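Engineer: Given next are the chains, with one letter for each unit.
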Amino acid sequence: MTKGLLGTRRLLGLAAAAALLAAPASAAEPVKIGMITTLSGGGSALGIDVRDGFQLALDEEGGMLGGHKVELVVEDDGRKPDKAKEIADRMVARDKVQIMTGIIWSNLAIAVVPKVTKDGVFYVSPNAGPSLLAGKGCHRNYFNVAWQNDNLHEAMGKHVKDQGFEKLYILAPNYPAGKDALSGFKRFYGDDVIGEVYTKLGQKDYAAEIAALRDAKPDAVFFFLPGGMGISFLKQYSQAGLMNDVPVFGPAFSFDQTILGAVGDAALGVVNSSQWNKDIDNAANKAFVESFQKAYGRLPSLYASQGYDAARLIASALKAVGGDLSKADAFRAALKAAEFDSVRGSFKFGANHHPVQDIYVREVVKEGDLLTNKIIGKAFTDHADAYAGDCKM
Amino acid sequence: MLLLIEQVLNGLQLGVTLFLLAAGLTLVLGIMNLVNLAHGSLYMVGAFICASVAGATGSFLLGLVVALPATALVGMAVELVVLRRLYARDHLDQVLATFGLILFFNELVRILWGPRALFLDGPSWLSGTVEILPGIPYPAFRLAIIVLGLAVALFLAWLTTRTRLGMLIRAGASNREMVSALGVDVRWLYTLVFGIGAMLAALAGVMAGPIYAVEVGMGESILILTFVVIVIGGIGSIRGAFVGSLLVGVVDTLGRAFLPGLLKLFLMPATADGVGASLASMAIYILMAAVLIWRPRGLFPAHA
Amino acid sequence: MAEPLLQVEGLVKAYGAVRACDGVALQIAAGQIHAVIGPNGAGKTTLIGVIAGELPAEAGIIRLAGRAITRSPVQARAKQGLARTYQITSVLPRFSALDNVVLAALAQQRHAFGFWRPLRREAALAERAAAALARVGLEAERDRPAATLAHGQQRQLEIAMALVAEPKLLLLDEPTAGMGPEDSARIVALLKALKGGLAILLVEHDMDAVFALADRITVMVNGRPIASGPPAAIRADAEVRRAYLGEDAA
Amino acid sequence: MRDLWPLALVLLAALALPFVVAGMDLAYVVGIATRIMIYALAGISLNLILGYGGMVSFGHAAFFGTGAYVVGILSTHATYGEPLTTWPFEVGGTEQALIAWPLAMLAAGLLALVIGALSLRTAGLYFIMITLAFAQMIFFFFVSLQAYGGEDGLSLFARSQAGPLDLGDDRQFYYLVLALLALVLFLKSRLIEARFGRVLQGIRDNERRMRALGYPTYRYKLVAFVISGALAGLAGALIANQTEFVSPAFLDWPRSGDFIVIVVLGGMGRLYGPLAGAALFLLLEEVLAAWTEHWMIILGPILVLLVLYARGGVWDLIAGRLSRRKAGADG
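Residue numbers (my numbering), protein chains in the order written: chain A, 227 to 619; chain B, 102 to 405; chain C, 117 to 366; chain D, 3 to 333.
Chain A with its partners taken away, still in its complex shape:
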């Protein structure tokens, strides 16, 4: 499935193809989609789910999207920005991909997206949604099918405010996404929190923070600690005996299907925000959850749903232009229209090509032995991000 640099056969094939290049690409030729994602090293669970979700949509159509043959090239970025950049260059130059997707991390997206969109490639982000690309650095060929990074934090801010909590203690890692998270939260909660703490990126031990937190006597805690950091924090928070006294709130990242198994019962009952859950009631979602489980033998995660939606969005636009990407403007308009059945139900793009969507409030519950989430409410309806105003397209 993946293509190497030194596949001799491939090089020869390319040399032959080069001779034919003068002829315009006909609609019968497969559309090439490049996926750069993280398949090895830390955080690979996310990349694997995005890939599997995307592949599922492809398989459902028998290797086609929107009725057109698609050739998917997947490469592993190993979470290194320079490697992602190099893969992108290669995909554009050698594989002549016209559409790209797959990047998980904001820093890799910032490294890759501006360059490839400038080169005329369409980029559909299945995860990373840094503020730069939603605001100042937006581009007409860039679409984010998942979220702007702040969305879920904003939803939590609104929910916590609505619930009437008054003494909030909030914490996040000391890096841009962490700062964005807390400012996103405060955008809807208000600036008045009794504690705002930044922890070390990759930190494992939160005893010091938890002790200080207990001392500050908050009535609720909001945290954004993605990956292993969140697992550690929740376990330690629960061990400190605080779970029953001071409720915690967080975005879906620490309560997702990829992670819940590792947190265990410590997460039970925690309220979190997400734009998707497996119990959203629509036909597309039901079918997706069922076939994902059948294909991979596990529950789909948020990231899998995003990968799947990315593929379905692309499919809808390919269908609109009959698979002919030389009609770039028509293709762009079709992407913008987003006429596909999202697993999230209602879905549309804002002016900056970021989702305008509902954000739900979920609770971690147990179904049999399995921890998962249940929707208990809605924080936002048709929520748009805060950076759209900065976007001059």
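No wet-lab data here; the hints were simulated from the structure.
These numbers come from a predicted model, not from an experiment.
Ideal placement from N, C-alpha and C gives every residue a C-beta, glycine not left out.
Please note: incorrect hints may appear among the correct ones.
[Claimed, not checked] Facing chain B, according to a computed beta carbon distance under 10 angstroms, are these residues of chain D, among others:
no., residue
1, Gln98
2, Ile101
3, Leu105
4, Leu108
5, Leu120
6, Thr124
7, Met131
8, Ile132
9, Phe142
10, Val263
11, Trp297
12, Gly302
13, Leu307
14, Val309
Place chains B, C and D on chain A using the hints.
Structural biologist: Same frame as chain A, but now just chains B, C and D:
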């Protein structure tokens, strides 16, 4: 004041966790003169084995009982196949080969257990909190770690100073020929010591499992902390590892807990949060630099 | 007697409870060969290490040409005219014999921070090095890597490295150790030829060599000097005979 | 002179490469070749202290990343027209390679001076662990450097400007990197044969001896460390231009490991070793990654085997094979 006491306790607990890892590493460093980057991998393997067994049987203790010898076996196998050939080599070779082992183990664990983090919780009788001082409930599991760490420190002190094995170990460090002359096969002695080191790493991994995330790559970040501990304490010295661990644990914890607050006395709150968090994350490295200026071979150099 | 070139007083160096040097006093005049003898573990090699500056002294004073060097680092003592050889040969194994000596000669320059001109084109250094090699009889081996030289030749090379610096005082730690009679004889002849040009502190087990070369001899036992004097006097000294030579004689 | 023809051949091939691939869809090869050369440059810098000085630095990524950040930060300020500092006088950013790149070397060299001055007080195992720890400290510094993107990193608006050259053009950038690489190799070939280089190698072989000869070895090692850091900074400045992006990922510790692998793979203390090492390592990574996503489970044991059986790097491995075959033919 109470908060300060609690934070110092937190620091000690972090230090003890580090000590479990540092003790095994410094033993191998000091005796075999081998720098083993893959020590963190053994920590990870221990945690994963324990998590699987505990997940299947529901018993943390059973997981612990299986994980320790299993990891020791893994460690001894690695010693037999690879590391044994590296004792006579220079440190660069050791760094490179064990760097390769890290890549190998991370990927192997990912193939065997998948990319997702695993669940591991302590035994239920340690799940609550203990009120150590009025108004300070402290997690029982963390207290258990402190107790266990101190017990391991005492055990190692006894092992290296009072037993025949300890004597052989110390003799082996300074004089391979003499130990050989005593009729002891140094090669097996080294394998055994490596097994003990691996078992200590597994113990650290198992005890860290219920507190931290059990995930691929969990060994590396803590390995670097462990290096800082050993540099501060002095290579090959169990005592140095103990003191170094506690120092690093306390400095790191107090830095995180109080630096931002302290800086708020001089700086704008927003700036203080950022600068404080940055400084706190660098505090232990600054500590290391300070110790180096004062004592280039650590606080308790084992060999002259 | 004029001021001695090397003056050592009350030197103490201990390893834990063991005092390897315990109140050693020595004086070496310019141009003299001063031998230190004694049984194994008497502290002779430690004494050389302390004088050379590789081991710190715990007490006592070392003066070289009147200047106290007790606290100077190794390289500073080397620049003031101290050179040494090691009990276990210590050369630069990957460098040719000539380059070993060239580096020794270069060390005498103010600094070696040259980044452009190839060292092997520095003719003046090469000439001095070649001359030193010739003095020890190694001119034929100049281009061989030091690691491939025979043991005795490596010893000669070490002496050449010491000589090229034109030191005032040469510290020789068992220059004939591990050598056959032929090689030993060559070294003794070499040292004899050097005699008068520079002072030498010689630690040696080969008594024939010691009595053939030394102007003065100090006998050390358990870190303490028990006798010091010209060879004839040492030979006659009853205490020395009992403590050391006697065993040999019997 | 006979030894020079393979080098001349490689140089010729390197000069011709962009023209050879120009007609085909292989233009991306130029990008890969550029990246290989930049990593080779980083390897050359590390080789100076590792191969010629015997100092096992496990923190070289810190200098590489610092160089990259200097270019990134200066370029950002120039793009947005914000001064770097207004006190004591106003200093603006710049996109000029002639200013930014030397500054990158200067900053990396100064950092190397501080880290080296502390680390070189020790040796052996301590040195390895301390350089690793200091590099990690610098990593965390850039992660929390909010103003310049922290963990997210910084996107450069464009590559640096270098007089009449248009570095945005991959081919011109390629030639510039090639020229710099050749220049550095030439200077280093002088350095290692000159007084300083020979003394450095003497210290590597027998530091105690060198001290007894009268060399203040600490000073020589420190100067080598600083030169090496500055060169790594230059490589960093180039990688920032190549990817038009900088982030703390350039300083993370596995990258220091990669640099060591590049040096050892090519053969330590060989002038051209890092060239072969970088090409081999990056291509190996590509090939394995193309084959399986679990490529690290193969790369890891390859490193172990390399250490156990091919100590002198691939160079020796090939040379050994050839000479053995020759010997076999003779016998």
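Engineer: Work down the list of hints and note, for each, if the structure agrees.
Structural biologist: Hints and how they fare:
For the restraint placing Gln98 of chain D at the interface with chain B, the shortest Cβ-Cβ distance is roughly 30 angstroms, beyond the 10 angstroms limit, so the hint is violated. Checking Ile101 of chain D against chain B: minimum C-beta separation of about 28 angstroms lies over 10 angstroms; hint violated. Interface restraint check for Leu105 of chain D: the shortest CB-CB distance to chain B comes to about 23 angstroms, outside 10 angstroms, so the restraint is violated. Among the interface hints, the one on Leu108 of chain D is violated; its C-beta lies about 22 angstroms from the nearest C-beta in chain B, farther than the 10 angstroms criterion.
A hinted interface residue such as Leu120 of chain D counts as satisfied when its beta carbon comes closer than 10 angstroms to some beta carbon of chain B; here the least separation is about 6 angstroms, so the hint holds. Because the beta carbon of Thr124 of chain D sits about 5 angstroms from the nearest beta carbon in chain B, less than 10 angstroms, this interface hint is met. Taken as an interface hint, Met131 of chain D checks out: its beta carbon lies about 4 angstroms from the nearest beta carbon of chain B, inside 10 angstroms. About 6 angstroms separates the beta-carbon of Ile132 of chain D from the nearest beta-carbon of chain B, less than 10 angstroms, and the hint is met.
The beta carbon of Phe142 of chain D is positioned within 10 angstroms of a beta carbon in chain B (closest approach about 5 angstroms), and the interface hint is therefore held. Because the beta carbon of Val263 of chain D sits about 7 angstroms from the nearest beta carbon in chain B, less than 10 angstroms, this interface hint is met. The interface hint given for Trp297 of chain D holds, since its Cβ lies 8 angstroms from the closest Cβ of chain B, which is under the 10 angstroms cut-off. Residue-level restraint check for Gly302 of chain D holds (minimum Cβ-Cβ distance to chain B is 3 angstroms; threshold 10 angstroms).
Using the Cβ-Cβ criterion of 10 angstroms, the hint placing Leu307 of chain D at the interface with chain B is satisfied: the shortest such distance is roughly 8 angstroms. Because the smallest distance between the Cβ of Val309 of chain D and any Cβ of chain B comes to about 4 angstroms, under 10 angstroms, the interface hint for this residue holds.
In terms of the numbered hints stated before, the structure departs from hints 1, 2, 3 and 4, listed from lowest to highest.
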